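Peer 1: Chain by chain, the residues run as shown.
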Amino acid sequence: MFRNNYDNDSVTFSPQGRIFQVEYAAEAVKQGSVVVGIRNAEELSSYQKKLFAVDEHVGLAIAGLTSDARVLSNFMKQQCLSERLTYDRAMPLETLVSLIGDKAQLNTQHYGKRPYGVGLLVAGVDDSGPHLFEFQPSGLTQEMLACAIGARSQMARTYLEKNLDKFADCGRDELIRHGLRALKETLVQDRELTVENTSVGVVGPKEPGKRPLEAFKVHDGAETKDWINSIADDTETSGDGMQVDE
Amino acid sequence: MTSIGTGYDLANSIFSPDGRNFQVEYAVKAVENGGTSVGIRCKDGVVLAVEKVVTSKLLKPGANKRIATVDKHLGVVYSGMVPDGHHFADRARDEARAWRETFKTPISTSDLASRMGGYLQAYTLYQSVRPFGITAIIGGFDSELESPVDGEVGSGPSIGAGGKVQGSHGGPGLYMIEPSGMYWGYYGAATGKGRQAAKAELEKLNLSEGKLDLKQAVKEAARIIYVAQQDNKDKEFELEMSWISNADGPTKGRHVEVPKELLEEAERLAKKAISEDDEEEEGEEEDDKMEE
Amino acid sequence: MDHRPQAWGRPRDDVYGAYDASYMQTNQPNQHTQSPIVTGTSVLGMKFKDGVVIAADNLASYGSLARFTDVKRLRTFAESSVVGFGGDVSDMQYLDRHLTELAIDEAYTSTTTTPNAQPTLNARNLHKYLSKLLYHRRSKFDPLWNSLLVAGLDEAGAPFLAAADLLGTTFTSPSLATGFGSMLAQPIMRGLVPDEASVAQVTREQAINCVRECMKVLFYRDARSLDSYSLAVVTKDGVELSENEKLENQSWAFADRIKGYGTQTV
Chain C
1 MFRNNYDNDS
11 VTFSPQGRIF
21 QVEYAAEAVK
31 QGSVVVGIRN
41 AEELSSYQKK
51 LFAVDEHVGL
61 AIAGLTSDAR
71 VLSNFMKQQC
81 LSERLTYDRA
91 MPLETLVSLI
101 GDKAQLNTQH
111 YGKRPYGVGL
121 LVAGVDDSGP
131 HLFEFQPSGL
141 TQEMLACAIG
151 ARSQMARTYL
161 EKNLDKFADC
171 GRDELIRHGL
181 RALKETLVQD
191 RELTVENTSV
201 GVVGPKEPGK
211 RPLEAFKVHD
221 GAETKDWINS
231 IADDTETSGD
241 GMQVDE
Chain S
1 MTSIGTGYDL
11 ANSIFSPDGR
21 NFQVEYAVKA
31 VENGGTSVGI
41 RCKDGVVLAV
51 EKVVTSKLLK
61 PGANKRIATV
71 DKHLGVVYSG
81 MVPDGHHFAD
91 RARDEARAWR
101 ETFKTPISTS
111 DLASRMGGYL
121 QAYTLYQSVR
131 PFGITAIIGG
141 FDSELESPVD
151 GEVGSGPSIG
161 AGGKVQGSHG
171 GPGLYMIEPS
181 GMYWGYYGAA
191 TGKGRQAAKA
201 ELEKLNLSEG
211 KLDLKQAVKE
221 AARIIYVAQQ
231 DNKDKEFELE
241 MSWISNADGP
251 TKGRHVEVPK
261 ELLEEAERLA
271 KKAISEDDEE
281 EEGEEEDDKM
291 EE
Chain Z
1 MDHRPQAWGR
11 PRDDVYGAYD
21 ASYMQTNQPN
31 QHTQSPIVTG
41 TSVLGMKFKD
51 GVVIAADNLA
61 SYGSLARFTD
71 VKRLRTFAES
81 SVVGFGGDVS
91 DMQYLDRHLT
101 ELAIDEAYTS
111 TTTTPNAQPT
121 LNARNLHKYL
131 SKLLYHRRSK
141 FDPLWNSLLV
151 AGLDEAGAPF
161 LAAADLLGTT
171 FTSPSLATGF
181 GSMLAQPIMR
191 GLVPDEASVA
201 QVTREQAINC
211 VRECMKVLFY
221 RDARSLDSYS
231 LAVVTKDGVE
241 LSENEKLENQ
251 SWAFADRIKG
261 YGTQTV
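Protein sequence lines correspond, in order, to chains C, S and Z. The numbering of the first sequence is full-length UniProt numbering, which starts it at 1 and goes up by one. The numbering of the second sequence is full-length UniProt numbering, which starts it at 1 and goes up by one. The numbering of the third sequence is full-length UniProt numbering, which starts it at 1 and goes up by one.
With the rest of the complex left out, here is chain C:
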């Protein structure tokens, strides 16, 4: 009856040592619209209202099942608050992300549970500097320099890989423009980035390399106008680059 006997639940290994349910959950991420994140100091941007502040110093972007994301983001909010309450400090990003990683792993090892059907990009700044993490339904969390997840995100990742060397030294606005250009790569034909379909989340220090933090903020609608306009002109920016490479 089933095409595949080993894909009914997340507690069955296939003979090759794979767990299909977890792999299928990863497909759910690709159903969600694309999000892009870049770390040097800051930046996240999205193609739907799917950016959330977790705490002053952390924000996240989601692709996949929104309700699953809400569960994880509420959990992260609570963890961040309790860290501030008990230690009076910003939750270290690595600790925070590994908490949701462990939570997700549990769902892949016990019958009656299902993996989370959502991928996250978690961006933030803690005492050791800026961090960007990718979270996958398998419970795998990885620290990235830049990342894109969701539908057609491969195009964005290709752009990010090509421009990886530039991120470390560029300023905030330039970094946002890189994010938007990456986002643009994923658009299907005849679609464009507009103030309606784009939002940008930013977190970083007020001055580069200094301590006081500008809290994570989601820029929506008109606030994104200047950024979008500034990349509207360079229509074939990355296209040019690619052609040269080819």
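No lab work stands behind these hints: they were computed from the structure. Treat the hints loosely; a few may be bogus.
[Unchecked claim] Computed list of lysine-lysine pairs in DSBU-like fashion (alpha-carbon distance at most 35 Å, straight line):
no., chain 1, residue 1, chain 2, residue 2
1, S, Lys272, C, Lys166
2, Z, Lys132, S, Lys252
3, Z, Lys236, S, Lys219
4, S, Lys60, C, Lys206
5, S, Lys271, C, Lys162
6, C, Lys103, Z, Lys132
7, S, Lys60, Z, Lys236
8, Z, Lys236, C, Lys206
9, S, Lys260, Z, Lys49
10, S, Lys104, Z, Lys140
Since we're looking at a predicted model, the values are computed, not measured.
Based on these hints, arrange chains S and Z on the given structure of chain C.
Peer 2: Leaving out everything else, chains S and Z in the frame of chain C:
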């Protein structure tokens, strides 16, 4: 695997007519695809090393640690499914903490291996769970010194019920635990994709003679990871290493990362060693041709 | 003889009479710690321009008996902060184990030998945590009978010194002392660092000398103190802890002039 499709491999904890638990065997397959992990136990400490395959250029170099600290003196590394490894490390930390709470003293490497062996075995017993898709290597150095009980502030009794047992104890420990929960103590342990080549190299070190010292072991571990990686030369990887010495040694009894300078030197030597091997092989091939 | 399992190990009713269960009951409410048992006395702390000096003597008293003379009451945390404990010694040991656990937790994410690669709890975080713990316990009417000083640096690298006590009360000041020290040593230390602004003028040597002087005053006037003590200096380079300091140049000449004690008749 002839028994595939007979239905005995569809759920955990089911024995097949010939007495096998297929789900555990499939979990081992997940390990065999993972990056190689190596552990070396030498006379004055333990080294752990792991090959981290770089799956994307966008990964932050040097981040995403795969070797976990469990207690001051204990570390674990694993091959297979990384989230499962996280679960394993988390549990190991809980065990180490619980041990301290009960006995007011650090858990020994062998006791931790025993506890974790039991934990993994429990995940082969029920249909409601799946086995761990990892093989883990636990390394530790149990203090040889008379260590105070946690929280001790003055001098305790030297004899009587609260006194100390005389004689030698402590030392380096290395254990490897498989998805079935089976574990053994090792002089040198290897798991993951390159385990065959790594084991062959470990055997050549004659570790049971106890001649190798910690610094040499670091270099050997790096070389072995490079040798074991040879079959997948095209894939980029990062080498991560940690070590544990006794209280007098370089790590002062703690499990810490191998310092950058030493790691870089070990990698340089490893690259040199394998390129020399390559040249020899090429040389041999040419000789063969000449003979033909 | 009664062989029912319920009777095993019990005094025989035919010999001792029936068990009087009323002994097992009390009409009183549950009580937790009502007073400390084995205690340590004052802890002193003082900021200077690059860090903090902290000191406590090595005595644990059982009432007025000088019971243990090698009890170390300064504890380092993560090689970057020092906690000084006054009050109940067994509660101090409990807290010490707690701090050990906390330090191990911190090391999970910072095995790396590269400094500042991962965030670690600084003195301010540690003080926040300890004061929450103390307040939590007093709210359960089961207090940890201690007064603590936490010395170290804050996230900006500035000297940090703060106190917390069994009620969960917290305060901070350029110089702090617990117990008798708050009456006997605090005025002397305030002479050197009256306010935060003056901290920047104080050198390490000045601060150490002042604290040593205060330890001497305390030994003269506090009957639960000892002349052997521990002294730690916390700076950005870490903690220097010396646990076997001795009071030097004591002068008991003033003792002659004290009237009204013990066997004196005049």
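Peer 1: Taking the hints in turn, state whether each one holds.
Peer 2: Evaluation of the provided hints:
Using a Cα cut-off of 35 Å, the hinted pair Lys272/S and Lys166/C holds, with the two alpha carbons roughly 32 Å apart. For a cut-off of 35 Å, the pair hint linking Lys132/Z to Lys252/S stands: about 33 Å separates their Cα positions. Proposed proximity of Lys236/Z and Lys219/S is supported: the alpha carbons are some 34 Å apart, at most 35 Å. A distance of roughly 24 Å separates the Cα atoms of Lys60/S and Lys206/C; the hinted pair therefore holds under the 35 Å criterion.
For the hint linking Lys271/S to Lys162/C, the alpha-carbon distance of about 28 Å falls within 35 Å, and the restraint holds. Proposed proximity of Lys103/C and Lys132/Z is supported: the alpha carbons are some 27 Å apart, at most 35 Å. Taking the CA atoms of Lys60/S and Lys236/Z, the gap is about 29 Å. The hint holds against a cut of 35 Å. Distance hint between Lys236/Z and Lys206/C is fulfilled; the C-alpha atoms sit about 25 Å from each other, no more than 35 Å.
For the given pair, Lys260/S sits about 33 Å from Lys49/Z by alpha-carbon distance, which is consistent with the 35 Å threshold. Using a Cα cut-off of 35 Å, the hinted pair Lys104/S and Lys140/Z holds, with the two alpha carbons roughly 25 Å apart.
Hint compliance for this structure: every hint is met.
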